[in-house]
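Given only the sequences and the hints, what does the whole structure look like? Please build it.
Number of protein chains: 2
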Amino acid sequence: MYERVIAQLPLFAGVEDIKGALENLGARGADYAKGVQIFAAGEKSGRLGVLLSGGADIVKEDAAGDPVTVARIGEGEMFGEAFAFAELPLTVSVYAACPSHVLWLSAEGILAGKEARLSANALRLFARKNVYLTERIYHLSRHTLAEKVLSYLRSVRREAGREIFALPFGRQGMADFLGCDRSALSALLAKLKRAGVIDYHKNVFRLIENEQGP
Amino acid sequence: MYERVIAQLPLFAGVEDIKGALENLGARGADYAKGVQIFAAGEKSGRLGVLLSGGADIVKEDAAGDPVTVARIGEGEMFGEAFAFAELPLTVSVYAACPSHVLWLSAEGILAGKEARLSANALRLFARKNVYLTERIYHLSRHTLAEKVLSYLRSVRREAGREIFALPFGRQGMADFLGCDRSALSALLAKLKRAGVIDYHKNVFRLIENEQGP
DNA sequence: ACACTTTTGTTGTAATTACAACGGATTGTT
DNA sequence: AACAATCCGTTGTAATTACAACAAAAGTGT
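Which chain is which? The protein sequence lines are H and P, in order. Letter by letter, the first sequence follows residues 26 to 239 in the working numbering. Letter by letter, the second sequence follows residues 26 to 239 in the working numbering.
Misleading hints may appear alongside valid ones.
Put simply, identical chains are the same to the list, so a pair is met inside one copy or across any two.
[Claimed, not checked] Once the Cα atoms are required to be at most 30 Å apart in a straight line, the calculated DSSO-like pairs of lysine-lysine come out as: (1) Lys85 x Lys216; (2) Lys85 x Lys218; (3) Lys69 x Lys44; (4) Lys139 x Lys44; (5) Lys59 x Lys44; (6) Lys227 x Lys59; (7) Lys59 x Lys85; (8) Lys59 x Lys69.
Read the hints as simulated data drawn from the structure, not as lab findings. Since the model is a prediction, treat every value here as computed from it, not as a measurement.
If you want it as structure tokens, here you go:
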């Protein structure tokens, strides 16, 4: 039923015998209702999940015990993969944000299997995620909110290759990404617009400053 | 001459025929004098470097063209690996912080080689780095400096498993890690100490708050 | 011991930002 | 259309933080 989606997964790119590969990976599907816990912090299962349909929240408990959503996973995306391959217990929990279908795979199977393609794909995915995480760290490391915002917008513009570009989330999501308060972000964006540094409408932005810098 | 160091590298853990592996990886050594550029932003070489001796700075240009040191690499550590495996051009440059010897390896060789152990090791290293980067992002995402500091100190304490623990860097390094101003950090640490929340001397810290939270 | 460099703590000020509260806009549902 | 729910911008205030400047402290090499 999910063959189509699975065949499209970057993890299986270039793999001929997907059915055989899935067997070697001990693949198992599972359904989760909205709000149900998919993965629990503390587990050390050696498995990684692929979201074939639905959506999921990656949640971490802060020091006070309150849940903090660190990421939101969509269709075709993986979760728990870093912990599985690093052989570390999860420090986060995963909850279904809506009714979801998850494909469970064995990390060990990806390493040990005959399909060299699988581990090559996994390696490339990890590498890309590493680059992505490093870039986010760079934005978050700026000392002022304005610099965080501009640093982020520049990187999206570079990625898009266009003057006008859309962000993948709304204000709250953007604030979470940049580690700041939503209303403070809104206020700053308005200020930058008044100053003529940026222009925007909803999630569509335009950077007025030139390519080199301010 | 560097056989000892190479044999200790996590990348080669469990590899029997290291010499053979090095040949398959097109391994080449190179020396760099202090201040010399090892890797240039924009390059797309498909190679990764391992620092066999010395030290190196990973430097990124900010929007104004000024260099920002994003990381410091020590002996036995790799650099450029994420870009090599992601098949992306470097967005950072690498400079020798002191006279250094670098072992160059082909990323392609790790994927294609007979030694399955190598790609398994690489995968585990990437996964660990992923976990590390994600945790740093979590600290950086806190909204106040005090929370950043405490979140970071808690994670170091958990890692150390002791009440009293040492940080791997000085004040400036800590400030860079947390994305804040050094003097603001010094002032805040003093304030937290007066408040009885933490105690410290130089890089040795103690968290007074209990395990659960404030 | 000496000069020198580097690191760190302190202070003051201006600017920024978190936070809470509120109202308008948008969306989806019945 | 009415309704609820969610998202977003604005405002005000208190608290935080960046930044610059300076002095103390610690390390470095001669």
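Check each numbered hint against the structure and report the violated ones by number, ascending. none
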